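J.: The primary structure of each chain is shown beneath.
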Amino acid sequence: MSFTTVEIWAVIALLGLGTYLIRFSFLGLIGSRQMPPLVLKLLRYTPVAVLPGMVAPLVLWPAATGGEPDLARGLAALAAFAVGLATRNTIWAMIGGAIALYTMLFALG
Amino acid sequence: MAGSTPKSAYRRGIRDGAPFIIVLAPFSLLFGVVATEAGLTLAQMMGFNVLVIAGAAQFTAVSLMQEGAPIAIVLATALAVNLRMAMYSASLVPHLGAAALWQRAIASYMNVDQTYASSILEYERHPEMTPDEKMAYFFGISTPIVPCWFGFAIVGAAVGASIPPAFALDFALPIAFIAMVAPALRTLAHVAAAFTSMVMALTLAWVPSGLGLLIAAGCAMGVGALVETAMERRA
Numbered sequence: 005m006s007f008t009t010v011e012i013w014a015v016i017a018l019l020g021l022g023t024y025l026i027r028f029s030f031l032g033l034i035g036s037r038q039m040p041p042l043v044l045k046l047l048r049y050t051p052v053a054v055l056p057g058m059v060a061p062l063v064l065w066p067a068a069t070g071g072e073p074d075l076a077r078g079l080a081a082l083a084a085f086a087v088g089l090a091t092r093n094t095i096w097a098m099i100g101g102a103i104a105l106y107t108m109l110f111a112l113g
Numbered sequence: 002m003a004g005s006t007p008k009s010a011y012r013r014g015i016r017d018g019a020p021f022i023i024v025l026a027p028f029s030l031l032f033g034v035v036a037t038e039a040g041l042t043l044a045q046m047m048g049f050n051v052l053v054i055a056g057a058a059q060f061t062a063v064s065l066m067q068e069g070a071p072i073a074i075v076l077a078t079a080l081a082v083n084l085r086m087a088m089y090s091a092s093l094v095p096h097l098g099a100a101a102l103w104q105r106a107i108a109s110y111m112n113v114d115q116t117y118a119s120s121i122l123e124y125e126r127h128p129e130m131t132p133d134e135k136m137a138y139f140f141g142i143s144t145p146i147v148p149c150w151f152g153f154a155i156v157g158a159a160v161g162a163s164i165p166p167a168f169a170l171d172f173a174l175p176i177a178f179i180a181m182v183a184p185a186l187r188t189l190a191h192v193a194a195a196f197t198s199m200v201m202a203l204t205l206a207w208v209p210s211g212l213g214l215l216i217a218a219g220c221a222m223g224v225g226a227l228v229e230t231a232m233e234r235r236a
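First to last, the protein sequences are chains V and E. Quick note on the working numbering: the first sequence kicks off at 5 and runs consecutively. Quick note on the working numbering: the second sequence kicks off at 2 and runs consecutively.
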């Protein structure tokens, strides 16, 4: 790492401060003031709008395989998705994904 | 919830948050390993964990620092990854906005993917919860999650590279996020938003880190709202 100790701590402090301000932005400053209905309607879709986009590249191009699509990881992702849809339960989906991942990694050597 | 109190909401939060230890522990452990391999001291690694407390951004920052990127680029990229939290913050306003400022200040600090996703889903399932119960639930969810995030990174730094890649710890994060999204696909609008997010994020993967995801998320929220409006008209 070419960064000096001072530079590393500067990154940590500034990133920490910036991240906190992002988190505090609406909740801290707007408080209980009423939000317009359109904004509320848009915000209803925040989780399903952000998380799939974050996950898709990680599933298709995993860093652990140098960005090459990987059968075991792809099937594990599908398993987690299918179990999540069927059970409507996050924990079962995680367990399903983990079982599929280790089974496939073992089976495919 | 009939007969519910802030205390029982807090306990329910702890119960719902505890299973996340299974997925956060490997993720936190992995950060400890990666940060140590990148040459960060234990104090610096914990500085990231405690002051930034945002996994994806921490990994982004450390990998850019390793590549020798300028400080401004490291900060801009890692903060872009965290911009989604402005949306989390905004979407919690209708639920937690009435709470005292000090409570909102602490909740903001602990507003991470897992605490946000669990809480917002609980609030949608139980709209009858009072503001006090909602805040108590949020603190309950955070109680097992936040210390777990701090603690396992220390273990990761200690064991370092002795965990074989065969354990595929890298994939704990995608599985966790998929497991959170799938049960949330309740309506056609949710499905349309998720699909838009995925397709656009993949199409915009060439856009410098974080920004493509932001554009994709913005469009996906718009699609969700549009489909919801269209369904209302048809009904």
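Incorrect hints may have been included.
[Unchecked claim] Here are the computed distance ranges between Cβ atoms for each label pair:
| # | chain 1 | residue 1 | chain 2 | residue 2 | range |
| --- | --- | --- | --- | --- | --- |
| 1 | E | Gly161 | V | Gly71 | 20 to 30 Å |
| 2 | E | Arg16 | V | Gly71 | 20 to 30 Å |
| 3 | E | Gly161 | V | Ser6 | 14 to 24 Å |
| 4 | E | Asp133 | V | Pro41 | 24 to 34 Å |
| 5 | E | Glu129 | V | Leu112 | 46 to 56 Å |
| 6 | E | His127 | V | Val10 | 22 to 32 Å |
| 7 | V | Gly70 | E | Glu129 | 46 to 56 Å |
| 8 | E | Ala19 | V | Phe110 | 26 to 36 Å |
| 9 | V | Gly70 | E | Val192 | 24 to 34 Å |
Quick caveat, the hints were computed from the structure, so don't treat them as lab data. Owing to the predicted nature of the structure, the values given are computational and were not obtained by experimental measurement. Using N, Cα and C, we set each Cβ at its ideal position, and we do this for glycine too.
J.: Given a hint of 14 to 24 Å, does the C-beta separation of Gly161 (chain E) and Ser6 (chain V) actually sit inside it?
T.: Between Gly161 (chain E) and Ser6 (chain V), where Cβ atoms are some 21 Å apart, the hint holds.
J.: Falls inside 20 to 30 Å, the C-beta gap from Arg16 (chain E) to Gly71 (chain V)?
T.: 39 Å, violated
J.: If you check the beta carbons of Gly70 (chain V) and Glu129 (chain E), does the distance land in 46 to 56 Å?
T.: 50 Å, holds
J.: Return holds or violated for the Cβ distance of Glu129 (chain E) and Leu112 (chain V) against the range 46 to 56 Å.
T.: 48 Å, holds
J.: Just to be sure I understand the hint, the distance between the Cβ atoms of His127 (chain E) and Val10 (chain V) should be within 22 to 32 Å; is that true here?
T.: 48 Å, violated
J.: Cβ-Cβ distance between Gly70 (chain V) and Val192 (chain E): within 24 to 34 Å?
T.: 32 Å, holds
J.: So does Ala19 (chain E) sit 26 to 36 Å from Phe110 (chain V), Cβ to Cβ?
T.: 28 Å, holds
J.: Is it true that Gly161 (chain E) and Gly71 (chain V) lie within 20 to 30 Å of each other by Cβ?
T.: 24 Å Cβ-Cβ, so the 20 to 30 Å window holds.
J.: May I ask you to test the hint 24 to 34 Å on the CB atoms belonging to Asp133 (chain E) and Pro41 (chain V)?
T.: 25 Å, holds
Checked against the numbered hints listed earlier, the structure breaks hints 2, 6; every other hint is satisfied.
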